[in-house]
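Visitor: These are the residues of each chain, in order.
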Amino acid sequence: MRKIKDYILNAITYIASGISVLILGVLLVYLLVNGVKSINLKMFSDDYWAKNYLVEVDSDSRNFDSKYNGDDYYIKKYDIAIKDDDKEIVVTYIGENSQFNELKSLTVGDSLGMITPFDVGYKIESIEYLDSNGVISIGGVLLKHNAIEVAQILNENHVNSIYYQSTSGGIKASIINTLILIFVSLLIATPISICSAIYLNEYNSKNKFNQLLSVSIETLAGVPSIIYGLVGITVLFPVTQLFGATTTSVLLGALTMAVILLPTMIKATQVALAQVDQGLKDASLSLGATKVQTINKVVLPGAMNGILSGLLLCVSKVIGESAALVYTMGTFISDTPSLTNQGTSLSLMIYSIMSNDNPNFELACAISLIILVIVLVLNISVKLINYKFNKLGQR
Amino acid sequence: MNKLFSVSDVNLSYGDKHVLKDINIDLYKNKVTAFIGPSGCGKSTFLRCFNRMNDLIDSCKIDGTILMENKDIYNKKYDVVDLRTNVGMVFQKPNPFMMSIYENVAYGLKCSGIKDKKVLKQRVINALKQAALYDEVSTRLNDSALSLSGGQQQRLCIARAIAMKPEVILMDEPTSALDPIATAKIEELIEELKKDFTIIIVTHSMHQASRISDYTAFFLNGEIVEYDITKNIFQNPKDIRCENYITGRFG
Chain S
627 MRKIKDYILN
637 AITYIASGIS
647 VLILGVLLVY
657 LLVNGVKSIN
667 LKMFSDDYWA
677 KNYLVEVDSD
687 SRNFDSKYNG
697 DDYYIKKYDI
707 AIKDDDKEIV
717 VTYIGENSQF
727 NELKSLTVGD
737 SLGMITPFDV
747 GYKIESIEYL
757 DSNGVISIGG
767 VLLKHNAIEV
777 AQILNENHVN
787 SIYYQSTSGG
797 IKASIINTLI
807 LIFVSLLIAT
817 PISICSAIYL
827 NEYNSKNKFN
837 QLLSVSIETL
847 AGVPSIIYGL
857 VGITVLFPVT
867 QLFGATTTSV
877 LLGALTMAVI
887 LLPTMIKATQ
897 VALAQVDQGL
907 KDASLSLGAT
917 KVQTINKVVL
927 PGAMNGILSG
937 LLLCVSKVIG
947 ESAALVYTMG
957 TFISDTPSLT
967 NQGTSLSLMI
977 YSIMSNDNPN
987 FELACAISLI
997 ILVIVLVLNI
1007 SVKLINYKFN
1017 KLGQR
Chain F
1203 MNKLFSVSDV
1213 NLSYGDKHVL
1223 KDINIDLYKN
1233 KVTAFIGPSG
1243 CGKSTFLRCF
1253 NRMNDLIDSC
1263 KIDGTILMEN
1273 KDIYNKKYDV
1283 VDLRTNVGMV
1293 FQKPNPFMMS
1303 IYENVAYGLK
1313 CSGIKDKKVL
1323 KQRVINALKQ
1333 AALYDEVSTR
1343 LNDSALSLSG
1353 GQQQRLCIAR
1363 AIAMKPEVIL
1373 MDEPTSALDP
1383 IATAKIEELI
1393 EELKKDFTII
1403 IVTHSMHQAS
1413 RISDYTAFFL
1423 NGEIVEYDIT
1433 KNIFQNPKDI
1443 RCENYITGRF
1453 G
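Residue numbers (the numbering used here), protein chains in the order written: chain S, 627 to 1021; chain F, 1203 to 1453.
It should be emphasised that the hints constitute simulated quantities derived from the structure, not laboratory data.
Glycine residues also receive a C-beta, built at the ideal position from the N, C-alpha and C atoms.
Careful, some of the hints might be misleading.
[Stated by the list, open to error] Simulated coverage check for chain F against chain S, where a stretch passes if three residues somewhere in it have a Cβ under 8 Å from a Cβ of chain S: (1) 1247 to 1260; (2) 1266 to 1278; (3) 1283 to 1297; (4) 1310 to 1324.
[Claimed, not checked] Pairs of lysine-lysine, DSSO-like flavour, derived with a Cα cap of 30 Å: (5) S/LYS907 <-> F/LYS1433; (6) F/LYS1331 <-> F/LYS1397; (7) F/LYS1295 <-> S/LYS1014; (8) S/LYS923 <-> F/LYS1319; (9) F/LYS1440 <-> S/LYS917.
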């Protein structure tokens, strides 16, 4: 009878832990299936929004020592190759000495005559050229031309201007914004947290005020982050105005994030400080070191591994945060990251592209996958740091 | 004989717990004084009064006077950092810092503001020699102190204390975590050190007390029951409780 009871209880624990593993597995598989196709190296360096360029191209013939050996439509005159891709005409190859590396902008304004970027994956929209009768004609996607016709036009006629579009869907700006967010928020949160943790742990005589302080810090850790977002936009916005921000901005997001990190970081540092052997502190004091010297030379170095893993946990918290940042950073995906402008972190970018009229599900999954990988790497580093220091301590 | 410490009417309590009761004792210069007694009798607490380590405990309250060379060390004007430079301490568990052997010994000197590298090095080497450790570590001063054996670590802690050139070294059961060979080495070392330093040692082992100390004080329940020349204590104790303890009837 007792055996059966034990057996059932054991089975329940196995099933319970199995479920959590299953959930994680399903999540991973789901994201992999949906997102992995959209992940490519180019998305890390591309802008999110496509840009259009109107340019002129140098039509003088050049001699190329071309290495092209693909199956797409090769344009001998310019040493480039193009192909059809879902009603678009996409560039698949650009030679080293191609005239297309020196396209000059025809857009009126500051950029007139400047060399515009041109890369594999860009889409050729339309071409204005002189046909065999010397009449100005237009070719390209607009006239339902396909790649072979466009290649012919480019090869055989004098081209006046080309209108093309850069690739889109990149996450470069969001990555940079995320890094700015991490850097600024930790820059503010870390020194404050370490100092207050030292005060609470090392100087704290256990009076009512300090106990109240400890309790309030623990309560702060449990406040939903969206509330911090609301407070951030009302209280911290004036601070960012001093730095020239006129709307919600990455800086405001970082300040809010710093506030959110404070309780976590203080708690992590407190735990790390408490783990330092009292014997070492006693030894330091007994050698005539002052309290400050003891803290600087013995306590802090001894707590360093705990503080470091706290820092890494905070980094993953910043990467994962979205609710508080919707209010403070805005949800507009900007391709020009700057402290005082709106922008999105990676998580916010998911929110932003999924709340569009036509949500880009694949890209959202791809970003999620990237975030998961980063968080996983951070967690493993935390484990490694702890493992290393523990080994050092046991020696 | 020179009196170094003169303790009168010391009472100490942790919160409601009365740990030391009306302690009166004189301790002499360049002698080894041993405190013996069963666990929880207050001998370690009393030892920690001499370098005011009890100050670190919030609930600790101490009355009475402890004079060191006729100055009250619990006087507000007495700088506790000066006191601790003058009164070194070695703990029960070897507790070297997570630094190199050299840095461990130089730690106190650096904290006291000595920056001259030559002076530092000289004093570190002297301290290591005095602690009979130099020959074993001379080739690896930059290795981690944690790579030393337990006995070596404890001698490093002694070296660290004597590098400060204190007048007194307090030892709180310095050999209780060590094996017999390491213990013998430390006892030998104490014999050497008493030429230059006054040593106050708390020990659980009565044999150790009888081997190394000149004076012995027997503690029981926070009081000093008997204090005399070690030989007298062990050969003809006057108090029956002391005799019972020494002969192993309790403790």
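Visitor: Please list, smallest to largest, the hint numbers that this structure does not respect.
Guide: 2, 5, 9
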